[in-house]
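Listed below, chain by chain, are the residues.
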Amino acid sequence: MTDISQTDQANEKVVVSPAKGNVFDIAIADIQDAVRLAPLWLRTGWFTIVQGYSRTVLGPLWHTLGLAAFVVVMGTIWGVILKQDPSTYYKYVTVSLMIWMLISSMITGGSGILINGHATALSMRFPYVAFAFGHVWQSLLLFAHHLILYVFVMVGTQSSPGFGVLLAIPALVLILANGVWMSMLCGMLCLRRRDLGPLAGSAMQVMMFVTPVFWPKDMLGPELAWATDLNPLFHFVQIIRQPLLGEPVAIESWYWAVASLIIGTIVTMALYGRYRRHMAYWY
Amino acid sequence: MPSLKVEHAWVEFSVPKTSSPKKHRSLTGGRLDKHRGIVTALEDISFELKSGDRLGLMGHNGAGKSTMLRLLAGAYAPTRGRVVSSGRISTLLNATPGLNIDGTGRENIVTCGLHLGMSYRHINSKMEEIADFAELGDFIDLPVRIYSAGMVTRLGFSIATAVDTEILLLDEGLATGDAHFAKKAQQRMAELMKSAAILVIASHSQALLADTCTRCLLMEHGRIVGDGHPKTVLHDYQNSVVARARQDDEDGLLHSYQLATDMVQKGQTPSLALEEQALRYALQIAPDDIPMITRYFRVVENQSRRLEPEIEADLVLRVLSKEPERKDMKKRLSSLMETCGAELNSELRTKVTDVMNAN
Numbered sequence: 002m003t004d005i006s007q008t009d010q011a012n013e014k015v016v017v018s019p020a021k022g023n024v025f026d027i028a029i030a031d032i033q034d035a036v037r038l039a040p041l042w043l044r045t046g047w048f049t050i051v052q053g054y055s056r057t058v059l060g061p062l063w064h065t066l067g068l069a070a071f072v073v074v075m076g077t078i079w080g081v082i083l084k085q086d087p088s089t090y091y092k093y094v095t096v097s098l099m100i101w102m103l104i105s106s107m108i109t110g111g112s113g114i115l116i117n118g119h120a121t122a123l124s125m126r127f128p129y130v131a132f133a134f135g136h137v138w139q140s141l142l143l144f145a146h147h148l149i150l151y152v153f154v155m156v157g158t159q160s161s162p163g164f165g166v167l168l169a170i171p172a173l174v175l176i177l178a179n180g181v182w183m184s185m186l187c188g189m190l191c192l193r194r195r196d197l198g199p200l201a202g203s204a205m206q207v208m209m210f211v212t213p214v215f216w217p218k219d220m221l222g223p224e225l226a227w228a229t230d231l232n233p234l235f236h237f238v239q240i241i242r243q244p245l246l247g248e249p250v251a252i253e254s255w256y257w258a259v260a261s262l263i264i265g266t267i268v269t270m271a272l273y274g275r276y277r278r279h280m281a282y283w284y
Numbered sequence: 101m102p103s104l105k106v107e108h109a110w111v112e113f114s115v116p117k118t119s120s121p122k123k124h125r126s127l128t129g130g131r132l133d134k135h136r137g138i139v140t141a142l143e144d145i146s147f148e149l150k151s152g153d154r155l156g157l158m159g160h161n162g163a164g165k166s167t168m169l170r171l172l173a174g175a176y177a178p179t180r181g182r183v184v185s186s187g188r189i190s191t192l193l194n195a196t197p198g199l200n201i202d203g204t205g206r207e208n209i210v211t212c213g214l215h216l217g218m219s220y221r222h223i224n225s226k227m228e229e230i231a232d233f234a235e236l237g238d239f240i241d242l243p244v245r246i247y248s249a250g251m252v253t254r255l256g257f258s259i260a261t262a263v264d265t266e267i268l269l270l271d272e273g274l275a276t277g278d279a280h281f282a283k284k285a286q287q288r289m290a291e292l293m294k295s296a297a298i299l300v301i302a303s304h305s306q307a308l309l310a311d312t313c314t315r316c317l318l319m320e321h322g323r324i325v326g327d328g329h330p331k332t333v334l335h336d337y338q339n340s341v342v343a344r345a346r347q348d349d350e351d352g353l354l355h356s357y358q359l360a361t362d363m364v365q366k367g368q369t370p371s372l373a374l375e376e377q378a379l380r381y382a383l384q385i386a387p388d389d390i391p392m393i394t395r396y397f398r399v400v401e402n403q404s405r406r407l408e409p410e411i412e413a414d415l416v417l418r419v420l421s422k423e424p425e426r427k428d429m430k431k432r433l434s435s436l437m438e439t440c441g442a443e444l445n446s447e448l449r450t451k452v453t454d455v456m457n458a459n
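Just so you know, the sequences run in chain order V and F.
Numbering-wise (the working numbering), the first sequence opens with residue 2 and increments by one.
Numbering-wise (the working numbering), the second sequence opens with residue 101 and increments by one.
If you are wondering where the hints come from, they were derived from the structure by calculation, not from laboratory data.
Don't take every hint at face value.
[To be verified] Subject to a maximum C-alpha distance of 30 Å in a straight line, what follows is the list of computed DSSO-like cross-link-like pairs (lysine-lysine):
no., chain 1, residue 1, chain 2, residue 2
1, V, K21, F, K150
2, F, K331, F, K226
3, F, K430, F, K451
4, F, K284, F, K294
5, F, K105, V, K14
6, F, K331, F, K366
7, F, K366, F, K430
8, F, K283, F, K366
9, F, K451, F, K422
10, V, K14, F, K294
11, V, K14, F, K226
12, F, K105, F, K331
13, F, K430, V, K14
14, F, K431, F, K451
15, F, K431, F, K366
16, F, K105, V, K21
17, F, K427, F, K451
18, F, K283, F, K226
Modelling step: build the complete structure from the supplied sequences, incorporating the hints.
Below is the structure:
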């Protein structure tokens, strides 16, 4: 019974609409509300994935299977074109694509989170950031499916990343934290300007070829290598990819990921707090 | 102590600006100012509700009732002014938040319950009660996708009203269930009203509002134009509906009909002015219904008015085409021809003379 009385107390507080305080107060209050709603978005995210299995044989595993097909084809053709060692290159493409799909799904999928949540957002006072939490959680679940492929490829090529692989865990946490602000920001922008949704999709497609996902960074040569160093997505990929492949991560990549998290979160919170009261009017 | 206070709140939407300086004035909806690119959905709303208040919202379609509920729920933040609420709010608006059509009824009870702020434990303890109330039987374990619209409504209503709520906001909704469920829903509402401290309900049903509310707001173009005891406000509303129906407004006619039938069902007698407009609506649907036509003549004449000759002639001809031997209608027709036969158009006049000569 204790938890019921606690929620009662939480709801007893006076709610002023529009919320008072500076932009960060407003954003933080919503984040707290969204954390309190954790059972809700954990459940909806989980359900979306589980429902993918209903009336299909493989469900979300189709994504994994698609990824596997992609890896086989790309690994073979590009391995020849780029003159790479097949076994190393298979591992490289698998891990790169897994991570890329996680990052890109948080951004492109994030474009629809607010638009699709209209029934909820227009019926009650709802912390919009909970949509972002739910979406990141759902992306993580999909990523977990792809880990199966990772295990297969590592066993198939008879390689082990060693204990360094544990470093992928904090890296994943860092990426997910970045994913929250990325999907929130993308969701807000795409709610306001509906053109940005398709644009985000196309932009991420271009970025996939610009970022060293299919090709190793050193192939770019010394003249252009600096360009990839300025691409935060490259560093996001790097901090997980290297531990999963059993290779060391440059400390700069960690700096980049942490700096993106701090700057991105501050910018997103500022925009969120500033436009919180207008968002329902954008539907 | 639950309370709800609205202080000079405005809800304004921006719409694409147009360069044309024309100002459109529509019968429904908020006020649209295309030049400034703003639709005022609610304008300078102020009122205060305390524990025990049951507020009814009345008005035509687009008068701002649903927007008002969304404002009170906290979905829309007022663009000017503010809303201060204290207490747990539960809403039953057009859509059930969190409803997933691929989930089963039971799964949706949990998801929607979480949306409404219930805890897992609380939902599980109420699961059977909610399922029973929705009367879905074995359907409760099947996907909502295959439910009928009525079943979805019942499910949504059962969930929304299962929350221990202090402030309950309801939109129409209830009307969509069948008669049996509507009765049950009303009972449930009565129970809720004992526990819920504040109720706000938007409806076109006069009977429902008169029964349940202690206070009513009449809204028009996003403004409160009437505020007070349900009886007086309902009276004002009736007058505004009749006024709109007189201008041949489709909505006005329909609402007149709904109001009148509503009153008759409750054993009240609608005013002659209301009945006249209701009959006009009914005659659009069933133009050849003889009892209705004769009733219409009587209602108009009891208000010591006369129908326009063309309309009267047309209606009389319809009756005579079905029952050619009616003496009263023939008499009416000949007196019509004597007094104002010249005002009829030629086509109608030939028809009338044909019918009169046939005898």
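Now for the hints, and whether the structure bears them out:
1. K21(V) - K150(F): Holds, because 23 Å separates the two Cα atoms, which is no more than 30 Å.
2. K331(F) - K226(F): Violated, at roughly 37 Å.
3. K430(F) - K451(F): holds (13 Å)
4. K284(F) - K294(F): Status holds; Cα separation ~16 Å.
5. K105(F) - K14(V): Distance ~14 Å between K105(F) and K14(V) Cα, so the pair holds.
6. K331(F) - K366(F): Distance ~15 Å between K331(F) and K366(F) Cα, so the pair holds.
7. K366(F) - K430(F): violated (37 Å)
8. K283(F) - K366(F): Between K283(F) and K366(F) the Cα gap is close to 14 Å, so the pair holds against 30 Å.
9. K451(F) - K422(F): OK: K451(F) and K422(F) at ~15 Å, within 30 Å.
10. K14(V) - K294(F): Answer holds: K14(V) to K294(F) is near 22 Å, not above 30 Å.
11. K14(V) - K226(F): holds (25 Å)
12. K105(F) - K331(F): holds (24 Å)
13. K430(F) - K14(V): Distance ~74 Å between K430(F) and K14(V) Cα, so the pair is violated.
14. K431(F) - K451(F): Measuring from Cα to Cα gives roughly 16 Å; hence the hint holds.
15. K431(F) - K366(F): violated (37 Å)
16. K105(F) - K21(V): holds (16 Å)
17. K427(F) - K451(F): holds (18 Å)
18. K283(F) - K226(F): The hint holds at about 21 Å.
Hint violations for this structure: numbers 2, 7, 13 and 15, all remaining hints satisfied.
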